[in-house]
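Asks: For this one, chain A is given, so just place chains B, C and D on it according to the hints.
Residue numbers (the numbering used here), protein chains in the order written: chain A, 1 to 277; chain B, 1 to 277; chain C, 1 to 277; chain D, 1 to 277.
Just so you know, the hints here were simulated from the structure itself, not pulled from any lab data. All values reported here derive from a predicted model rather than from experimental measurement. Do not rely on the hints blindly, as some may be mistaken.
All copies of an identical chain are treated as equivalent in the list; a pair is satisfied when it fits inside any one copy or across any two copies.
What the hints assert, rightly or not - Straight line, CA to CA, 16 Å or less: simulated EDC-like cross-link-like pairs of lysine to aspartate or glutamate: (1) K262 / E249; (2) K198 / E276; (3) K133 / D108; (4) K198 / E219; (5) K259 / E276; (6) K198 / E216; (7) K56 / D25; (8) K262 / E276; (9) K259 / E275; (10) K89 / E50; (11) K56 / D256; (12) K197 / E216; (13) K6 / E153; (14) K262 / E275; (15) K197 / E219; (16) K23 / E93.
Spelled out, the chains give:
4 protein chains.
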Amino acid sequence: MRDKLKNLKYVLKKFHEDNTVIKIDNLLIGEDFLMIAGPCSVESEKQIIEIAQSVKQAGGNMLRGGAYKPRSSPYSFQGLGETGLQYLKKAKEETGLPIITEILDVRDIDAIGQCADIFQIGTRNMQNFSLLKEMGKTKFPVLLKRGFAATIEEWLNCAEYILNEGNPNVILCERGIRTIETYTRNTLDLSAVAVLKKLTHLPVVVDPSHATGRKELVETMALCAIVAGCNGLEVEVHNYPEKAMSDSEQQIYVKDYVKLVKKVNILLSTVNKMEEV
Amino acid sequence: MRDKLKNLKYVLKKFHEDNTVIKIDNLLIGEDFLMIAGPCSVESEKQIIEIAQSVKQAGGNMLRGGAYKPRSSPYSFQGLGETGLQYLKKAKEETGLPIITEILDVRDIDAIGQCADIFQIGTRNMQNFSLLKEMGKTKFPVLLKRGFAATIEEWLNCAEYILNEGNPNVILCERGIRTIETYTRNTLDLSAVAVLKKLTHLPVVVDPSHATGRKELVETMALCAIVAGCNGLEVEVHNYPEKAMSDSEQQIYVKDYVKLVKKVNILLSTVNKMEEV
Amino acid sequence: MRDKLKNLKYVLKKFHEDNTVIKIDNLLIGEDFLMIAGPCSVESEKQIIEIAQSVKQAGGNMLRGGAYKPRSSPYSFQGLGETGLQYLKKAKEETGLPIITEILDVRDIDAIGQCADIFQIGTRNMQNFSLLKEMGKTKFPVLLKRGFAATIEEWLNCAEYILNEGNPNVILCERGIRTIETYTRNTLDLSAVAVLKKLTHLPVVVDPSHATGRKELVETMALCAIVAGCNGLEVEVHNYPEKAMSDSEQQIYVKDYVKLVKKVNILLSTVNKMEEV
Amino acid sequence: MRDKLKNLKYVLKKFHEDNTVIKIDNLLIGEDFLMIAGPCSVESEKQIIEIAQSVKQAGGNMLRGGAYKPRSSPYSFQGLGETGLQYLKKAKEETGLPIITEILDVRDIDAIGQCADIFQIGTRNMQNFSLLKEMGKTKFPVLLKRGFAATIEEWLNCAEYILNEGNPNVILCERGIRTIETYTRNTLDLSAVAVLKKLTHLPVVVDPSHATGRKELVETMALCAIVAGCNGLEVEVHNYPEKAMSDSEQQIYVKDYVKLVKKVNILLSTVNKMEEV
Numbered sequence: 001m002r003d004k005l006k007n008l009k010y011v012l013k014k015f016h017e018d019n020t021v022i023k024i025d026n027l028l029i030g031e032d033f034l035m036i037a038g039p040c041s042v043e044s045e046k047q048i049i050e051i052a053q054s055v056k057q058a059g060g061n062m063l064r065g066g067a068y069k070p071r072s073s074p075y076s077f078q079g080l081g082e083t084g085l086q087y088l089k090k091a092k093e094e095t096g097l098p099i100i101t102e103i104l105d106v107r108d109i110d111a112i113g114q115c116a117d118i119f120q121i122g123t124r125n126m127q128n129f130s131l132l133k134e135m136g137k138t139k140f141p142v143l144l145k146r147g148f149a150a151t152i153e154e155w156l157n158c159a160e161y162i163l164n165e166g167n168p169n170v171i172l173c174e175r176g177i178r179t180i181e182t183y184t185r186n187t188l189d190l191s192a193v194a195v196l197k198k199l200t201h202l203p204v205v206v207d208p209s210h211a212t213g214r215k216e217l218v219e220t221m222a223l224c225a226i227v228a229g230c231n232g233l234e235v236e237v238h239n240y241p242e243k244a245m246s247d248s249e250q251q252i253y254v255k256d257y258v259k260l261v262k263k264v265n266i267l268l269s270t271v272n273k274m275e276e277v
Numbered sequence: 001m002r003d004k005l006k007n008l009k010y011v012l013k014k015f016h017e018d019n020t021v022i023k024i025d026n027l028l029i030g031e032d033f034l035m036i037a038g039p040c041s042v043e044s045e046k047q048i049i050e051i052a053q054s055v056k057q058a059g060g061n062m063l064r065g066g067a068y069k070p071r072s073s074p075y076s077f078q079g080l081g082e083t084g085l086q087y088l089k090k091a092k093e094e095t096g097l098p099i100i101t102e103i104l105d106v107r108d109i110d111a112i113g114q115c116a117d118i119f120q121i122g123t124r125n126m127q128n129f130s131l132l133k134e135m136g137k138t139k140f141p142v143l144l145k146r147g148f149a150a151t152i153e154e155w156l157n158c159a160e161y162i163l164n165e166g167n168p169n170v171i172l173c174e175r176g177i178r179t180i181e182t183y184t185r186n187t188l189d190l191s192a193v194a195v196l197k198k199l200t201h202l203p204v205v206v207d208p209s210h211a212t213g214r215k216e217l218v219e220t221m222a223l224c225a226i227v228a229g230c231n232g233l234e235v236e237v238h239n240y241p242e243k244a245m246s247d248s249e250q251q252i253y254v255k256d257y258v259k260l261v262k263k264v265n266i267l268l269s270t271v272n273k274m275e276e277v
Numbered sequence: 001m002r003d004k005l006k007n008l009k010y011v012l013k014k015f016h017e018d019n020t021v022i023k024i025d026n027l028l029i030g031e032d033f034l035m036i037a038g039p040c041s042v043e044s045e046k047q048i049i050e051i052a053q054s055v056k057q058a059g060g061n062m063l064r065g066g067a068y069k070p071r072s073s074p075y076s077f078q079g080l081g082e083t084g085l086q087y088l089k090k091a092k093e094e095t096g097l098p099i100i101t102e103i104l105d106v107r108d109i110d111a112i113g114q115c116a117d118i119f120q121i122g123t124r125n126m127q128n129f130s131l132l133k134e135m136g137k138t139k140f141p142v143l144l145k146r147g148f149a150a151t152i153e154e155w156l157n158c159a160e161y162i163l164n165e166g167n168p169n170v171i172l173c174e175r176g177i178r179t180i181e182t183y184t185r186n187t188l189d190l191s192a193v194a195v196l197k198k199l200t201h202l203p204v205v206v207d208p209s210h211a212t213g214r215k216e217l218v219e220t221m222a223l224c225a226i227v228a229g230c231n232g233l234e235v236e237v238h239n240y241p242e243k244a245m246s247d248s249e250q251q252i253y254v255k256d257y258v259k260l261v262k263k264v265n266i267l268l269s270t271v272n273k274m275e276e277v
Numbered sequence: 001m002r003d004k005l006k007n008l009k010y011v012l013k014k015f016h017e018d019n020t021v022i023k024i025d026n027l028l029i030g031e032d033f034l035m036i037a038g039p040c041s042v043e044s045e046k047q048i049i050e051i052a053q054s055v056k057q058a059g060g061n062m063l064r065g066g067a068y069k070p071r072s073s074p075y076s077f078q079g080l081g082e083t084g085l086q087y088l089k090k091a092k093e094e095t096g097l098p099i100i101t102e103i104l105d106v107r108d109i110d111a112i113g114q115c116a117d118i119f120q121i122g123t124r125n126m127q128n129f130s131l132l133k134e135m136g137k138t139k140f141p142v143l144l145k146r147g148f149a150a151t152i153e154e155w156l157n158c159a160e161y162i163l164n165e166g167n168p169n170v171i172l173c174e175r176g177i178r179t180i181e182t183y184t185r186n187t188l189d190l191s192a193v194a195v196l197k198k199l200t201h202l203p204v205v206v207d208p209s210h211a212t213g214r215k216e217l218v219e220t221m222a223l224c225a226i227v228a229g230c231n232g233l234e235v236e237v238h239n240y241p242e243k244a245m246s247d248s249e250q251q252i253y254v255k256d257y258v259k260l261v262k263k264v265n266i267l268l269s270t271v272n273k274m275e276e277v
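Same shape as in the complex, but just chain A (with noise of 0.2 Å):
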């Protein structure tokens, strides 16, 4: 075994026989194909709710959407905060879709517990070590996004701080690394997806938008990603993209996401025959 993963005594699938399964609602991340969907940012109640409508409608089954916003300017839009929250919580009642949300600061714990059904820990705070620790601390599920210059077992350890405070519910998250290439935002490393579903139980979503950084790219990534073993999709959906305040770049027409929606449930059907050979 490799030196960095010597250590680990939760991640590894050696300690936990079967996979983990993490109940939202009706929702059996794990099991269930998780297709999480909505926009960069929640921009206002009457656009969050639309495209939490439009999700819900293409077969998405949960929404995601960033009311604290980690941007590299500080002079770019920042997230509504508190209020994007109550935007959520609305989406949440008018759709019954459960939300994710990014946290960045460990005080906004309890504020976005009251809103969120998993906290989404971005790549830029990975190593975050004390927000790690205290969302161990608690029981809600948390999706970790890979660092986007973080090797698969700085990844797992970063699980590991989670898991080891108490907190089972980690979802593991790839979002591309960064590399010589530019053409593309990032590159997806779905060979990750692969040795991960080698080693961990834990469940893996693939995050095709910010991987590409291009709205063409992200249906075939996504697909690929699906055969990889992905056990979810976290896509970038807006009503209008050409106007959005965040990553306008990205983020696909709802149109496309209901074709998507239709693609990815024909090859997760071959996906199950293919195991079969």
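Replies: Relative to the frame of chain A, chains B, C and D by itself:
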């Protein structure tokens, strides 16, 4: 359009409405799905013929095998050279499979031309401009692997070198790039395949063996590549991987190749079906 | 000007004619050459006081020592926490050396503020925007390390986060980036220092210990950094490196620090002389 | 010892107690400090002679100039070829400066051998093993540039290819590696120089021009390289950089080269002084 693509005159889709199709015997590369398989290195007459027969039987339609080997160390096995070419020729006579083998030196074009149907230019020679120009003056089909730290745009410019000299028969092969991840030998960049299928009319092949460097990941990544839109696969297959004289970690067993071919066929028909959505 | 620098309002030279000078006791950072030294972690009262005395005697002018340690594995030594802060305070009382120590959690600002003269924000927290904003609301000097996969432009934007909240006391610290080279722990990017000295009025410090991860390279890279134009060095020094509880490979012996300080002084005077050419 | 260095038989210090010294005319490379300067490309007889005279006068001791140019695009200036070699020969006759020029193709060895004192193997050809072996069969000194994504260990193995064929006259040249930083053309890896000076007896030269890709950084990085322990510098100098047919951004003015040489001399004497500490 991105800067480095601006001056291209041949490889982009807009200069060549139809996808390039390269005919080798009865095989139409670009239309038929290309299934290249075989050992890293030609090691003996018996070895290459035996593997060729297995590849043929499994459903592969082209044989690979290195006679001239580019090795990091001068003290590693450097290939059988011209003798290796003779063995490849015999393997073709026995099985009818067309041959692909690597060229390292412009002075070997004639010798390799006696035996090979496709010349492979390896990752370390992607920007060996002398070799590119010289191959451009022939009509031999060339499979041009991506440099392990080359961008998509640099790669397309290298293909352009060949077309610009008059040889239109170029196939691109994604084989992984060097990144911060060390668990896999390289990081397979499937977004690059999706990007290329939008930008160029040239066929695109994927090599999951060098990309992952690990037997147990080859099948999964090969299947992902199909969904990314590739026109073929190049897979290292050996009858006794553990005894191979090079790359023993990444060559798969014949029985696993048999299984892979079956899954490829199932998946190809699903990909067609999804296109109708 | 490059895109990501366009919106900056504080950190660029054009907004602040004179170089920033930060006064700590009698030390004028930005004018006087800053010589930070000390162990990776505070391990005991005796250890930190002993090393502080050695650093002082050698000619160092600031003591480093981690009380809260960001470690890749949850099972590695996590630092002594508040007890460590107390030991640092005593070391200051004994030697008069000002203190720099790392902050991982916004909730520790007050505690650390009782003891530290400079707050260090580590490589993994460079884009911990909550922490940046919170430090921006204080007047405590902040040494902001470069993210190990961050560009110069992203780094300057993170400094801008702090200045934009009202705190002008920011020092940048280059500590190596993750690259394809694995012989060294990271790759020290001295061009970044040269670039920063052209772009920004903020002081720039170099940490050759984390950059190289190897004792035997620390002196040479520290001296190179001076020629690159840095305003100071942060060097890991231990009285018994081989027994250190963290980073034992890269901490240098006290006797080697003594030698380094002598060379630094010789070189600084040459750098001044060269400026007159 | 790290794995990839285990099988080496020639390039490591332990096989060759004294540092390698290569004699060219009166120049002892490895002992005398090598100051290579000249344009990226030979553009005309007048241009190269004029620059050669300036380089000589400034204190440079070797002239560079590309006759065969490896260009990313087939539509960029490809060099004057054999005519360029003739011009280099005349420049040598005029100034007495020995010549270094790049080889791209094994078939050009004889022609280049008529004119050049050192053969340069460029970054893209570092692992062109045919070329390495062929140069190993000659006695021509070879300056082997580091591949832009090659590790130190791979690089030493490439030097070993040349020595293993019988040619001991190899100089290594660090010229930057491709990283996540895009502000500079590459990232100059000066730790690699420090590492090489510990591992190998071969002379090590640094090229700050390709490393940075920016005129304004060349001087600073050249001086840093001296402190890192290099045995020489290769700097692109042009009489009219803004009109250069290639690399116009990174070639420095003659007047700046004059200044650089003065600073190099000051710094070299300080480096000697520091060794006595």
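Asks: Of the hints stated earlier, which fail here?
Replies: 1, 2, 16
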